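J.: The whole structure should be built from the sequences, with the hints applied where relevant.
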Amino acid sequence: MSQSIIQNTIDDLDALRSKSPLVHNITNYVVMNNTANALLAIGASPIMAHAIDEVEEMVTICSATVINIGTLSEPWIQSMEKAATKAVSIGKPLILDPVGAGASNLRNMAIRRILGAGSPSIIRGNASEILSTLNSSGKTKGVDATDSSDSAVDSGKSLSKVTGGVVVISGATDYILSGTDKAQVRNGDALMTKVTGLGCTASAICGAFAAVQANQFRAATSAMAVMGIAGEMAKIKTSSPGSFQVAFIDALYEINADTIKQRLNGE
Amino acid sequence: MSQSIIQNTIDDLDALRSKSPLVHNITNYVVMNNTANALLAIGASPIMAHAIDEVEEMVTICSATVINIGTLSEPWIQSMEKAATKAVSIGKPLILDPVGAGASNLRNMAIRRILGAGSPSIIRGNASEILSTLNSSGKTKGVDATDSSDSAVDSGKSLSKVTGGVVVISGATDYILSGTDKAQVRNGDALMTKVTGLGCTASAICGAFAAVQANQFRAATSAMAVMGIAGEMAKIKTSSPGSFQVAFIDALYEINADTIKQRLNGE
Amino acid sequence: MSQSIIQNTIDDLDALRSKSPLVHNITNYVVMNNTANALLAIGASPIMAHAIDEVEEMVTICSATVINIGTLSEPWIQSMEKAATKAVSIGKPLILDPVGAGASNLRNMAIRRILGAGSPSIIRGNASEILSTLNSSGKTKGVDATDSSDSAVDSGKSLSKVTGGVVVISGATDYILSGTDKAQVRNGDALMTKVTGLGCTASAICGAFAAVQANQFRAATSAMAVMGIAGEMAKIKTSSPGSFQVAFIDALYEINADTIKQRLNGE
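Residue numbers (our numbering), protein chains in the order written: chain S, 8 to 274; chain V, 8 to 274; chain D, 8 to 274.
Hints listed in this document are in silico derivations from the structure and should not be mistaken for laboratory results. As the structure is a prediction and not an experimental result, all values here were calculated from the model. Be aware that a few hints might be false.
Okay, derived cross-link-like pairs now, EDC-like style, lysine to aspartate or glutamate, Cα gap no bigger than 16 Å in a straight line [what the hints assert, rightly or not]: (1) Lys-201/V x Glu-239/D; (2) Lys-268/V x Asp-18/V; (3) Lys-201/D x Glu-261/S.
T.: In C-alpha cells form, the structure reads like this:
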C-alpha cells in the first residue's frame, strides 16, 4: 500500500515534469507570487488570470483550473463561477480551495455559488474549512456528521458524496477522501503553519498533479505527499519561517525519486 | 524609563504570542504576502479581507483592523470606510497607514474619508505622510505647525490632537506620540528603506500589539521597538536587501526577551 | 562596440543610482512585491498605483511609467490607457510589457487599446509575446514577417516600425531593436525562467533606466545587460529557484562597474 503511494508519487512527478502542464489559477492576492513560483518549481507552468472576459479561454488552454477564495469580491466570484462551469463542461480538472470558509457569509455564499456552477474534482482545505464547505453546500441535512474525533474525516466523506469528487483535509495528517477510498500522508512540519499560503500552495500543487494524472484521488495523494516531503526538506535547512518559505520553493524543485522513497510516510 | 520600555515590550510580546490574536488587514497588493508572514512570524494570525460585503464581519471576529492605502481604488476606499466605522463603533483598535499621503488627490481624499468614518487608535507613517495626513484631515488651521527641525513631531502631535489617538512617525528615530506623551525608538537599520513595505509591516505589527495591549501608546511603542530590533538582527545576517527581507521575517520569529534587553534603544 | 555597451551600462547605472528616479508601475498582482524590490535594489524609487483617479498624477510626478498586463481586468485597462496617453502627451518614457499576449482576446484587445492610447518608448516581451503584440497592433498586413529562424527579430523590427519605439525580445539572447539599430545581450541563466515574473522585472528595470537615459535604445540595452549579469551573479549563489529569487534581488543591489566589466557579453 505504502509502496504503491511511493511509486505513484514518483511516476506522477515524472509525468508532471515531462509534460509541464499549464495550470490556471484564480487565486488570492496574498499568495499569487508564491503559488506561481511553487508551480514553476515543481515543473508546471502557471497562469494567473481572473478577468471574466478571459477565464473561459484560460480554462480551455490550461490542463487544470484552481479556484481559491482567499481575497474575494463580487467580480471575482462571478469569474470563479464562469471558470467552474467551463472547466466541468469541457472535462478539465477543477480544484477548489475554500479559504476562510465559515468566516463570513460572503465566503459561504461564494462557496455555494461555485459548487453550484461546477463540482470540483478536488476540494482541499483544513478541517474547519471542509466542515464549513459541507455546511455551505446546503446539503448537510441528514448527512452523517458526528461528534467523534474523526468528525473532520466524516465531514470530508460527506462532502465527497455531495460533490462526487475528492476531498483533501490538510493537517498534521493529510486525509485524501473519495467515496469509500481514503489515503493518508503523515509528512510535513509544524513550521508550515507559520508561512502564509502553504495551504493555497497545496491546492495549486493538487492542480498540477490533477493536470497530468486523470485519477484525481491519486493526483491529490501525490500532491500532498510532495508538499509534506518538501516541508521536511525545507525544515532541514532552517527553523525560521522567512527562510523556510524560500527553502520550501527550493525543495519543490529539488524533490526527486530518492527523497520521495526516503521520506514518504503514508498509506 | 528605558527600563520600562524594555519590560513593556517583553511583556507585550509574551501576551501577543500567548493570545495569537486575529488581525484584520485591508492592505495593498504589494505587501500582502510579507505582511501576512510578518504577522505570523511575530505570533499573530492574519486575515486579509477587503470585500465590502464581509469587512464588518471580519472587524468583528478580529482583535484589531489595519487599513493601508498603498494601492487604492474606489471600491477599496468604501470598504475601508465601512471597516473604520465598524471598528470604532465596537471599540476595536483601528490602525491607519496613509501610504503615499500627499502624492495624489485620491490619497488625500481617501484619508479624509477614512478619518471621517472612524478615528484610528494608531496612525503610522513617515514624516511626509504624517504631515500630509494632518493636512488632509482638514483641521490644520490654527494648529501649531512650525518650521523648526522638529516640525514632523509637531505635526504628529497636532494630528494626535485631531484624532485623539496615537501617531507614530517612522524614521531613523521612531517617534510615538499621544497627547503630551512622547516615546522614541532608535533601533533599526538603513537597509530597511531598501525593502518594499517594511513601513506597511510596521503598521501591521502595531495592529498585532494593539490587539493585545489596550494602551495603544504602549502597544505602538512595543511594535516599533520590535521592528527596529528585528531590523538589526536581520542586518547581522546580510547586507543586501533580498536576503534582508527574508532575514527580517526570521528575526520577527526569533526575537525574544534577551534580544530585546540587549538591543532596545529607546525611552 | 562591446566596449561601448559596457561603458554605457556603467554610466547609466551610475546615473540611476545618483538620481534615484520615481518609476510608476501599473503591473500585475503576481509580481508587485518583487518588482518594487527590484527597483529599490537597483537604485530607483517604485510607485505602484493603478486607480484611474490618480494615474495621471502619478505619471506626472514620476520619471517613467511601466504598464504590465499580467493580471488584467477592464478597470485596469482603462487606467492603462489613461496613463499611456498622459505619459506620451508630456513626454515621459512609457514601457509596455505585453504579458501573455496572444493567450486571450482580452489581452490582445487590451494591447491594441494601450497602443492606441500612446506609443510606448519601449516594449519588452518574449518572442511569442512580441509576435502577438505585432499582430494585435492591427498593422501587420504587408509587414515583413517571415518563417526564418530570425522571425522573432523580424517581428520585433516590424513592431518597432509600427510604434516608432524600442522593442526588446527576451530570451537566451536578448535583442534590443529600434528602427535599423540592433543590440544583443547574451548574459543570464536558464534558472531565470523558473522564477515567476523576472520578465516583468526586466520591463520595470527598463523603466528605471529609461527614466535617467533619454536614449531609450541605450536605456533598454543597459537594463537587459544588468538583468542578465544579475542572473549570473545569483546563479553563483544557488541552483534552486526559491533562493535564486532572493539572490537575484541581492545581485541587483550588488552589481557594479567591476561585475559589469567582467561579465557583460553583448554588442
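J.: Look at each hint and say if it fits the structure.
T.: Structure-based check of each hint:
no.	hint	verdict
1	Lys-201/V x Glu-239/D	violated (22 Å)
2	Lys-268/V x Asp-18/V	holds (12 Å)
3	Lys-201/D x Glu-261/S	holds (13 Å)
Checked against the numbered hints given earlier, the structure breaks only hint 1 and satisfies all the rest.
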